[in-house]
Amino acid sequence: MMTLKINEGAAQAAPDNENLLWLPKSTEGHELEILRSKINGKFGLKLKDYFELHSWSVKHYKDFWSFLVGSHLNLLYSGSPEVAYSNKKMDDLPPHWFPDLKINYAENLLKYENEKKIAYYYTTERMLKEGHQIKQSDICFRNYAGICQFGRHLELNLSRLWNLSYNLKTHNHLGKLKDVVKGLSPAAVVVIPFLAKDKKEVDLSSIHGNVMFMEDFLSSVPENPDLKFERVPFSHPLFIMFSSGTTGVPKCIIHSTGGTLLKHVEEHQIQGNRKAQDVVLYYTTTGWMMWNWLVSALAIGSTLVIYDGSPLHPTHSALWDLVDECGITVFGTSAKWIAFQEEKGSPLKPHSYDYVYREIKTDLLLASISGGTDIIACFMGENSVLPVHKGEIQHSHLGCDIQCFNYGGKKEEKGTAGDLVCASPFPSMPVGFWNDDEKHSAYRSAYFDKPTDSLCWDALMETLNPNGVRFGSAEIYNIVETFSEIADSLCVGQRDLPWIEEIEIFHSLWSQCQTFTEPLFFQIDDIPYTINGKKVEVAVKKILAGQSVKNQSALANPESLDLFRNIPETKIW
Numbered sequence: 001m002m003t004l005k006i007n008e009g010a011a012q013a014a015p016d017n018e019n020l021l022w023l024p025k026s027t028e029g030h031e032l033e034i035l036r037s038k039i040n041g042k043f044g045l046k047l048k049d050y051f052e053l054h055s056w057s058v059k060h061y062k063d064f065w066s067f068l069v070g071s072h073l074n075l076l077y078s079g080s081p082e083v084a085y086s087n088k089k090m091d092d093l094p095p096h097w098f099p100d101l102k103i104n105y106a107e108n109l110l111k112y113e114n115e116k117k118i119a120y121y122y123t124t125e126r127m128l129k130e131g132h133q134i135k136q137s138d139i140c141f142r143n144y145a146g147i148c149q150f151g152r153h154l155e156l157n158l159s160r161l162w163n164l165s166y167n168l169k170t171h172n173h174l175g176k177l178k179d180v181v182k183g184l185s186p187a188a189v190v191v192i193p194f195l196a197k198d199k200k201e202v203d204l205s206s207i208h209g210n211v212m213f214m215e216d217f218l219s220s221v222p223e224n225p226d227l228k229f230e231r232v233p234f235s236h237p238l239f240i241m242f243s244s245g246t247t248g249v250p251k252c253i254i255h256s257t258g259g260t261l262l263k264h265v266e267e268h269q270i271q272g273n274r275k276a277q278d279v280v281l282y283y284t285t286t287g288w289m290m291w292n293w294l295v296s297a298l299a300i301g302s303t304l305v306i307y308d309g310s311p312l313h314p315t316h317s318a319l320w321d322l323v324d325e326c327g328i329t330v331f332g333t334s335a336k337w338i339a340f341q342e343e344k345g346s347p348l349k350p351h352s353y354d355y356v357y358r359e360i361k362t363d364l365l366l367a368s369i370s371g372g373t374d375i376i377a378c379f380m381g382e383n384s385v386l387p388v389h390k391g392e393i394q395h396s397h398l399g400c401d402i403q404c405f406n407y408g409g410k411k412e413e414k415g416t417a418g419d420l421v422c423a424s425p426f427p428s429m430p431v432g433f434w435n436d437d438e439k440h441s442a443y444r445s446a447y448f449d450k451p452t453d454s455l456c457w458d459a460l461m462e463t464l465n466p467n468g469v470r471f472g473s474a475e476i477y478n479i480v481e482t483f484s485e486i487a488d489s490l491c492v493g494q495r496d497l498p499w500i501e502e503i504e505i506f507h508s509l510w511s512q513c514q515t516f517t518e519p520l521f522f523q524i525d526d527i528p529y530t531i532n533g534k535k536v537e538v539a540v541k542k543i544l545a546g547q548s549v550k551n552q553s554a555l556a557n558p559e560s561l562d563l564f565r566n567i568p569e570t571k572i573w
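UniProt numbering numbers the first residue of the sequence shown as 1 and each following residue consecutively.
Keep in mind that the hints were calculated from the coordinates and are not lab data. Don't take every hint at face value.
[What the hints assert, rightly or not] Derived lysine to any residue pairs resembling SDA-like cross-links, with alpha carbons at most 20 Å apart:
| hint | residue 1 | residue 2 |
| --- | --- | --- |
| 1 | Lys-89 | Asp-449 |
| 2 | Lys-275 | Gly-287 |
| 3 | Lys-410 | Phe-448 |
| 4 | Lys-42 | Phe-67 |
| 5 | Lys-390 | Lys-411 |
| 6 | Lys-38 | Phe-67 |
| 7 | Lys-59 | Leu-45 |
| 8 | Lys-59 | Leu-47 |
| 9 | Lys-62 | Leu-47 |
| 10 | Lys-275 | Asp-363 |
| 11 | Lys-228 | Tyr-77 |
| 12 | Lys-361 | Lys-410 |
| 13 | Lys-59 | Ser-86 |
| 14 | Lys-411 | Lys-361 |
| 15 | Lys-534 | Ser-243 |
| 16 | Lys-178 | Val-202 |
| 17 | Lys-102 | Thr-124 |
| 18 | Lys-88 | Asp-63 |
| 19 | Lys-200 | Leu-184 |
| 20 | Lys-390 | Asn-17 |
| 21 | Lys-102 | Gly-432 |
| 22 | Lys-542 | Thr-530 |
| 23 | Lys-88 | Pro-99 |
| 24 | Lys-182 | Ser-206 |
| 25 | Lys-542 | Phe-521 |
Source: prediction; values computed, not measured.
I would like the entire structure built from these sequences, with the hints used as guidance.
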């Protein structure tokens with residue numbers, strides 16, 4: 001994942017440091033500097049820079065988050081933010097943040113009522129653009145894969161399914177609707193907006209539940225309803241996010257109202273130094289957590305740009321054209337899309353940084369960010385007061401004590417590969433898993449079963465350990481994919497005995513390459529990716545071990561997995 005902050009005012013890299021790509025000309029007036037000054041005054045400190053501010057924020061995370069809510073961020077709430085976190089330890093589940101505070105997500109998104117300012121632009125592959133202002137009396141529905149709703153949250157018994165237009169083709173999901181609603185309560189309401197067909201051509205009688213079309217649903221309420229925002233406990237459920245499920249049963253992760261809002265606003269306003277005058281586009285599907293992250297930018301008054309369709313249609317420059325047309329100041333997308341612009345299929349590598357600064361613009365902040373569905377936010381990434389170095393993430397975010405642990409639960413030394421661990425509690429920790437037991441067994445198994453009392457996510461890229469040499473697969477990609485003959489590659493480890501691991505690199509076109517281990521090379525016709533554009537290493541590793549891969553529907557190209565079955569050279573000998 002990456003974001004570009006455009007026209008940030010940057011100095012060119014010093015000639016004696018080829019990896020330094022961007023420096024802020026001045027940090028005066030940046031949110032991070034304002035926050036550091038206010039914290040120094042409040043707590044009698046002398047924090048000199050971001051590094052000292054970050055260190056304080058993770059050691060005193062309760063004071064940090066309490067100060068943000070009570071004295072810095074412009075959040076609407078009732079109650080007291082004095083008690084930030086009431087759990088005795090991190091694996092004491094579920095987490096209880098701000099137990100004395102109530103808040104409403106939609107109310108905070110709509111608090112900047114200004115009829116003269118555009119709240120969001122909506123555009124499609126056909127480059128039709130509409131600008132919309134949002135008033136507190138509005139419910140706004142637009143066709144972003146069917147629905148974009150910023151006005152309010154509907155009742156939990158309201159389900160929505162749609163068809164969508166992508167690459168100028170209409171994909172109808174009405175057939176799937178029958179299976180989806182079978183388990184719903186008979187009182188459930190299913191609202192169907194259609195893009196292609198007249199509703200007279202569609203028979204809804206065979207669908208279980210109270211089914212109606214969007215226009216009929218909207219006509220059942222007053223034209224301009226007087227919205228009343230109900231503030232709920234900080235930890236009240238807001239979103240259920242589903243993991244990809246490529247390595248097992250998908251996790252049904254419950255995220256809280258307050259935790260989601262607070263972490264998103266902190267990332268937009270403080271880490272990203274965004275203002276109400278910023279215009280933000282993040283190219284994402286509605287099933288990716290970056291969609292939720294994008295919508296939350298309304299809480300700081302920024303304008304959103306919502307693009308519906310393929311990023312490569314009608315031309316490969318479709319998204320870049322929107323930058324000029326809508327005055328976009330913050331542009332976000334996946335690393336794979338940037339790599340595609342280079343006519344390669346790799347994630348954001350050092351040479352991709354060069355491409356951005358060479359072909360797009362020199363005076364911008366290119367932020368490589370890391371987070372995910374599990375936290376509906378970021379652990380590390382964009383930082384407006386620190387330099388950008390080629391191939392590196394700038395720093396961990398405030399309040400997130402990010403460390404690297406080995407499989408024994410011990411902290412690794414700098415420069416050693418391992419599992420990503422957050423050793424400090426933070427507000428957007430999941431509040432639970434849907435349908436988990438009273439002991440929160442699924443939650444605990446997902447994050448706390450490893451021998452550490454911190455919250456642990458597996459590394460984004462696989463950690464390999466052939467013959468005791470421990471490294472990440474990204475190190476292989478950085479070498480292999482510099483060869484023009486190779487369109488894409490995948491590196492996984494295969495174990496035959498508990499202490500032996502072979503390295504196998506599958507690549508689309510053969511090339512000679514030297515590495516620091518002795519891998520097996522295979523030519524392959526395709527590489528599996530998730531719908532969000534991430535390589536699926538663990539699934540291939542399971543296939544090589546003779547195991548099944550569940551939920552292949554989470555893959556953009558599930559048929560590619562068959563290419564890795566029954567390769568004679570990978571059989572255990």
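Structure-based check of each hint:
no.	hint	verdict
1	Lys-89 - Asp-449	holds (15 Å)
2	Lys-275 - Gly-287	violated (26 Å)
3	Lys-410 - Phe-448	holds (14 Å)
4	Lys-42 - Phe-67	holds (9 Å)
5	Lys-390 - Lys-411	violated (26 Å)
6	Lys-38 - Phe-67	holds (10 Å)
7	Lys-59 - Leu-45	holds (14 Å)
8	Lys-59 - Leu-47	holds (13 Å)
9	Lys-62 - Leu-47	holds (18 Å)
10	Lys-275 - Asp-363	holds (18 Å)
11	Lys-228 - Tyr-77	holds (14 Å)
12	Lys-361 - Lys-410	violated (42 Å)
13	Lys-59 - Ser-86	holds (16 Å)
14	Lys-411 - Lys-361	violated (39 Å)
15	Lys-534 - Ser-243	holds (13 Å)
16	Lys-178 - Val-202	holds (13 Å)
17	Lys-102 - Thr-124	violated (37 Å)
18	Lys-88 - Asp-63	holds (15 Å)
19	Lys-200 - Leu-184	violated (25 Å)
20	Lys-390 - Asn-17	holds (10 Å)
21	Lys-102 - Gly-432	holds (19 Å)
22	Lys-542 - Thr-530	holds (16 Å)
23	Lys-88 - Pro-99	holds (14 Å)
24	Lys-182 - Ser-206	holds (11 Å)
25	Lys-542 - Phe-521	holds (18 Å)
Going down the numbered hints, you'll see the structure goes against 2, 5, 12, 14, 17, 19, while the others check out.
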